[in-house]
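Q: Sequence:
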Amino acid sequence: MRRSYIKQGDRTTSGATVNQGIKGVSHRGTNVSFLGAEIYCPRCKSTGYLAGIGPRHPPTWMKQQPALHDDLAICKCKPTPPVIASQNEMFESYGIAYLAKMGFAPNGDALTRGTQIAPAMLSISDFESDADAEPGRVPAPTNKGSFDCSYLDGSKGRIDAPADLYKKRNPVQLIPGKQMQVDFPSGESGPATKYDAIINGQTIPILVPLQKPPVDTALAEPRQIAEALGKLPDQNLPNINRVVTNAAANPDDAKWAAQYGQADFYSAATANIQQGVAVYPWHGWTGTIPQRYIDSTMVHETAHQVSEALRSADPGMRDAYRDATSSDGQAPSLYAQKNLNEDFAESANMYWTSKGTPCEEQGRTRYPARYQYFDSISG
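With full-length UniProt numbering applied, the sequence shown has no gaps in its numbers, which climb one by one up to 379 at the end.
Be aware that a few hints might be false.
[What the hints assert, rightly or not] Once the Cα atoms are required to be at most 27 Å apart in a straight line, the calculated DSS-like pairs of lysine-lysine come out as:
1) K178 <-> K212
2) K156 <-> K355
3) K178 <-> K167
4) K78 <-> K45
5) K178 <-> K194
6) K45 <-> K76
7) K194 <-> K212
Since the hints were made in silico from the structure, they are not lab data.
All chains should be modelled from the sequences, with the hints used to inform the complete structure.
A: The following block contains the structure:
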């Protein structure tokens, strides 16, 4: 079986155009495209992205996984249109044994449920950072309902569960405090208001700059952060020493943009145990950011701290998680494909939001090894 590489400018069956390619990787002068590349669909008049489906080889180019003929263009069109390769000179080929090992029939069809999305985790790079960056979000319509489980099917840019799945777990008391000078993770220094969120006897400072964020951006409000803290699983709380909102961008955004091959990348938040959780201005938002996205961000970021604590206590826990991702094959979101740290945070978000709901069965069917791993660390 062969699958040709997609190039920038190729089209989907709906007429959508692939707008991005991998710089430095080309075929006859045109850049080869990649999973996550932006597409614009004139039929549904929406901007979307390429998502992997079917068999593929692990290697990446310039830290991007190339897109292949018949990958999907995620836009508003239903059914989801595939993308069509304009050339047949540059391709991947797969033998029958390789296809069977990856869970595919000789024609590329999935042999079992849950294997159809590309096994992109095979190509994951274990890029380490002091503070893993979470990408910003584009404002989008509200969710369809409490048990719309499509958020964990592997085709979405990131894990953002329906709002009702971020359930209140602990009461939170928010106490406004005094003004103080703060050295912000953004690299700036200035006055801030310190709030204290009290949860189960634990006090978590929330530091909010007096400086306003740039025009056409928005910041999470202290009451929203406090509410999100009350929705965290208990195991995520002990590692949080503070939450800091920033009026300026993450100074490491250029590094992440280069690492991810995404020129317009910006951080919505970062976290590690020493720094705490840092929240940055969100681009393109006006007014109040929906609580759902603040909840999602806090689960994701504090999961980075959980992962860091596990690795510190037992380095073998990282190997165990890597084994789980390899066993499952597919990743729960496109962002989870970036590296093992982001996979952990995205999978934690999926695990905790689906647990005890009808979505849990779907999650366990698609990602059995990840769910078993989180079962083992959740007590």
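Q: Now, for every hint given, state plainly whether the structure supports it.
A: Quick rundown of the hints versus the structure:
| no. | hint | result |
| --- | --- | --- |
| 1 | K178 <-> K212 | holds, 18 Å |
| 2 | K156 <-> K355 | holds, 19 Å |
| 3 | K178 <-> K167 | violated, 30 Å |
| 4 | K78 <-> K45 | holds, 13 Å |
| 5 | K178 <-> K194 | holds, 6 Å |
| 6 | K45 <-> K76 | holds, 8 Å |
| 7 | K194 <-> K212 | holds, 16 Å |
Hint compliance for this structure: hint 3 is the single one not met.
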